[in-house]
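Q: First residue of the sequence shown: 21, per our numbering; consecutive thereafter.
Incorrect hints may have been included.
Cβ-Cβ distance ranges computed for the label pairs, FRET-style [stated by the list, open to error]:
| # | residue 1 | residue 2 | range |
| --- | --- | --- | --- |
| 1 | 171 | 114 | 40 to 46 Å |
| 2 | 71 | 114 | 25 to 31 Å |
| 3 | 43 | 128 | 17 to 23 Å |
Within a straight-line C-alpha distance of at most 27 Å, the following computed DSS-like cross-link-like pairs (lysine-lysine) qualify [said to hold, decoys possible]:
| # | residue 1 | residue 2 |
| --- | --- | --- |
| 4 | 204 | 162 |
| 5 | 132 | 51 |
| 6 | 139 | 204 |
| 7 | 99 | 180 |
| 8 | 55 | 103 |
| 9 | 99 | 116 |
| 10 | 139 | 181 |
| 11 | 180 | 132 |
| 12 | 99 | 139 |
| 13 | 51 | 162 |
| 14 | 66 | 103 |
These aren't lab readings, by the way, just hints derived from the structure by calculation. Please read all numbers here as calculations on a predicted model, not as lab measurements. Note that beta-carbon positions come from the ideal geometry of N, C-alpha and C, so glycine has one too.
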Amino acid sequence: MYEGLHILRQDPWECLVTFICSANNNIPRIKSLVKGMSESCGERIKDQFGHFYSFPGPVSILELGELGLREIGLGFRAKYVAKVADIVVRNEIDLKSFRGLEYEEALIELLKFPGVGDKIANCVLLFSMDKLQAFPVDVWIKRVLRENYLNDIDEAIPDKKLRDWAQDYFGEFAGYANQYLFHKRRLT
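Use the sequences and the hints to build the structure in full.
A: Next comes the structure, spelled out in structure tokens:
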């Protein structure tokens, strides 16, 4: 059923910005925003398949600014992406260096960025920083955990508690469990 399921290893900058763009959004719209940013300030690339645009780095995003990001359609997310670009450029932060941190340390560092909460931070940790214990909690994961594992609990459970429970239950590869559960729920 899930043969070939892999955890991505994206560039941390691209992953961080893309997941900030995912807040209260859907996949077609996120793709459109990424395309807009790339076409506005990414590098034009030509290969045997045609012309493409690279994902813009933090300096290019900083130069585009919040207003330019709003014009692309980022809406309220524009201020977060612009501020994150400013922080990364001003402080010369190498997001790839977070890969060398322990999970909790990297989580704390990511949560310092504006527009980044527990879900986005865990997505970035899982999909770009090799933290396979990361367990992003979204509406789909909440449902599958409630329906299959925690159906005897009536009260609301905060996302962080769900994440902690899942990391304890699924262990050091909780991120893989997350992806299997997410895709199973989306396909049923």
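Q: Sort out whether residue 103 lies within 27 Å of residue 55, counting only the CA atoms.
A: Roughly 20 Å separates the two Cα atoms, so the pair holds.
Q: Mind checking the alpha carbons of residue 99 and residue 139 for me, to see if they're no more than 27 Å apart?
A: Status holds; Cα separation ~19 Å.
Q: Between residue 139 and residue 204, is the straight-line Cα distance small enough, at 27 Å or below?
A: holds, 19 Å
Q: Would the pair residue 51 and residue 162 pass a check requiring their Cα atoms to be no farther apart than 27 Å?
A: Distance of about 24 Å is within 27 Å: holds.
Q: For the pair we were handed, residue 204 and residue 162, check the Cα-Cα distance against 27 Å.
A: holds, 13 Å
Q: Just to be careful, I want the Cα atoms of residue 180 and residue 132 compared with a cutoff of 27 Å; is the pair within it?
A: Judged against 27 Å, a Cα distance of about 16 Å means the pair holds.
Q: With 25 to 31 Å as the target window, see if residue 71 and residue 114 comply at their CB atoms.
A: holds, 29 Å
Q: Taking the CB of residue 171 and the CB of residue 114, does the distance hold inside 40 to 46 Å?
A: Cβ of residue 171 to Cβ of residue 114: about 44 Å, so the range 40 to 46 Å holds.
Q: Decide if the proposed pair is consistent with the structure: residue 139 and residue 181, CA atoms, cutoff 27 Å inclusive.
A: holds, 12 Å
Q: Please work out if residue 99 and residue 116 have their alpha carbons no farther apart than 27 Å.
A: Roughly 23 Å between the alpha carbons, so the hint for residue 99 and residue 116 holds.
Q: Has the given pair, residue 99 with residue 180, been kept, meaning a C-alpha gap of at most 27 Å?
A: The given pair, whose Cα atoms are some 25 Å apart, holds under the 27 Å limit.
Q: Quick check on a hinted range of 17 to 23 Å for residue 43 and residue 128, using CB atoms only.
A: Distance hint for residue 43, residue 128 holds at roughly 20 Å.
In this structure, only the earlier hint numbered 14 is contradicted, and the remaining ones agree with it.
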